[in-house]
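Trainee: As you go down the protein sequences, you meet chains A and B in turn.
What the first sequence shows, in the working numbering, is residues 1273 to 1462, in sequence order.
What the second sequence shows, in the working numbering, is residues 123 to 306, in sequence order.
No lab work stands behind these hints, which were simulated from the structure alone.
We put the CB at the ideal spot given by N, CA and C, even for glycine.
Don't take every hint at face value.
[Claimed, not checked] Sample of chain B residues facing chain A (criterion: CB under 7 Å; computed from the structure):
{"hint": "1", "residue": "Pro149"}
{"hint": "2", "residue": "Gln209"}
{"hint": "3", "residue": "Val259"}
{"hint": "4", "residue": "Tyr271"}
{"hint": "5", "residue": "Asp273"}
[As the list claims (entries may be wrong)] Derived DMTMM-like pairs (lysine to aspartate or glutamate); straight-line CA-CA distance at most 25 Å:
{"hint": "6", "chain 1": "B", "residue 1": "Lys229", "chain 2": "A", "residue 2": "Glu1330"}
{"hint": "7", "chain 1": "A", "residue 1": "Lys1383", "chain 2": "B", "residue 2": "Asp236"}
{"hint": "8", "chain 1": "B", "residue 1": "Lys232", "chain 2": "A", "residue 2": "Glu1330"}
{"hint": "9", "chain 1": "A", "residue 1": "Lys1383", "chain 2": "B", "residue 2": "Asp205"}
{"hint": "10", "chain 1": "A", "residue 1": "Lys1293", "chain 2": "B", "residue 2": "Asp205"}
{"hint": "11", "chain 1": "A", "residue 1": "Lys1387", "chain 2": "B", "residue 2": "Glu131"}
[Stated by the list, open to error] Chain A is nowhere near these chain B residues, computed Cβ spacing over 12 Å in every case:
{"hint": "12", "residue": "Glu148"}
{"hint": "13", "residue": "Leu197"}
{"hint": "14", "residue": "Asp200"}
{"hint": "15", "residue": "Asp205"}
{"hint": "16", "residue": "Asp210"}
{"hint": "17", "residue": "Lys212"}
{"hint": "18", "residue": "Asp236"}
{"hint": "19", "residue": "Asp241"}
{"hint": "20", "residue": "Glu254"}
{"hint": "21", "residue": "Ala262"}
{"hint": "22", "residue": "Phe268"}
{"hint": "23", "residue": "Arg270"}
{"hint": "24", "residue": "Arg287"}
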Amino acid sequence: MPHIPLPAHLPGITGLLEYSKETAQPIRVLTQFLLRGESTLTPGERELIATIVSHQNECRFCTAAHTAAADLLIGNTETCEMMKQDVDTTPVSDKMKTLLKIAKQVQISGKAVSKEHIAAAKANGATDLEIHDTVLIAALFCLYNRYVDGMATVAPSEPQFYHGLGQRLVDNGYNRLPNGYDHLKQNQPS
Amino acid sequence: MAHISLPDESLPGIVGLFNFRPETAEPLRLLADTLLRGESTLTSGERELIAAYVSHLNNCHFCHTSHAAAAMAHLECDLSLIDDIKQDFKKIEITPKLRALLNIAAKVQKSGKDVRNEDVEAARAEGATDHEIHHSVLIAAAFSMFNRYVDGLGTWAPQENEAYREMGQRMAFQGYVRRDVVGS
Chain A
1273 MPHIPLPAHL PGITGLLEYS KETAQPIRVL TQFLLRGEST LTPGERELIA TIVSHQNECR
1333 FCTAAHTAAA DLLIGNTETC EMMKQDVDTT PVSDKMKTLL KIAKQVQISG KAVSKEHIAA
1393 AKANGATDLE IHDTVLIAAL FCLYNRYVDG MATVAPSEPQ FYHGLGQRLV DNGYNRLPNG
1453 YDHLKQNQPS
Chain B
123 MAHISLPDES LPGIVGLFNF RPETAEPLRL LADTLLRGES TLTSGERELI AAYVSHLNNC
183 HFCHTSHAAA AMAHLECDLS LIDDIKQDFK KIEITPKLRA LLNIAAKVQK SGKDVRNEDV
243 EAARAEGATD HEIHHSVLIA AAFSMFNRYV DGLGTWAPQE NEAYREMGQR MAFQGYVRRD
303 VVGS
């Protein structure tokens, strides 16, 4: 049960973003820009960064949601599963592997990112902007994961829920839906 | 030197990063301003103490010292009391409620999962409201982001507390949103 009363039809982060809309707004804008804005990294690649960090933080809700979004954007479910086991054997570019390794270091601590991690990324063609955005996406998911679990929000167990949420993230991104989320109430068991 | 080429290497910590990427700077500034200076039953001084404490636990010198300096400005304390934050608040007078909220923030710094019902109940027993518990968790989570951003890109930071005096006053009394950009 969450540590504070949250809307029952909105599990995980979704209820928190409705509970505190004023703080949600800049978080949504930042996420939309970092994950969907113009970039030389694809939205799928950026969702992989969100997924690996959430996985390392053992945040069930965020991991499942961003895995679902990444699966849809990439077009398969193997990439995420392989990445969670071993970045080196993941079917992504060598540049992407070095960026995912930087993200894993950021999850531990900002100070865990070494010159060698950065040099490896640059040697594989990563630009300063790509390195910057990778670090900031990883840091942002350290916020999300702590927010979601620190408030003890509910993580639904049905895979179907995350498939729907992943689809919403692909279709609508991270901005608040113009008409809010009351339409989701009908899906709740009474 | 930072891990990436910043347009102005003289700007320390997150300031140099804001200058590098204005598109992300704007929501990051607004988030800091809303959390630390927006409407809340926790004073800005109390919220800056939470930010400074989490940044200390994350060993992020720039964020720790700058937010500690902002807290000192709010609380009208001498800059020398900054180091008391690292000593678990032996000299700075804090309420039992804030102490309970700092305990929650320290758990969040490690992992969201470390926050136990007992931690939350202890804060409630000292009078903490839902909003105050929410805000403390989100400030701690946000600084787990800011600290990683600042250190993950290898930015530099002035060493001495004194170097943060003016910055702290600016953060406390002018805030985090660039008024020339926002236009107010």
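Trainee: Check each numbered hint against the structure and report the violated ones by number, ascending.
Mentor: Structure breaks hints 2, 10, 12, 18, 19, 20, 21, 22, 23.
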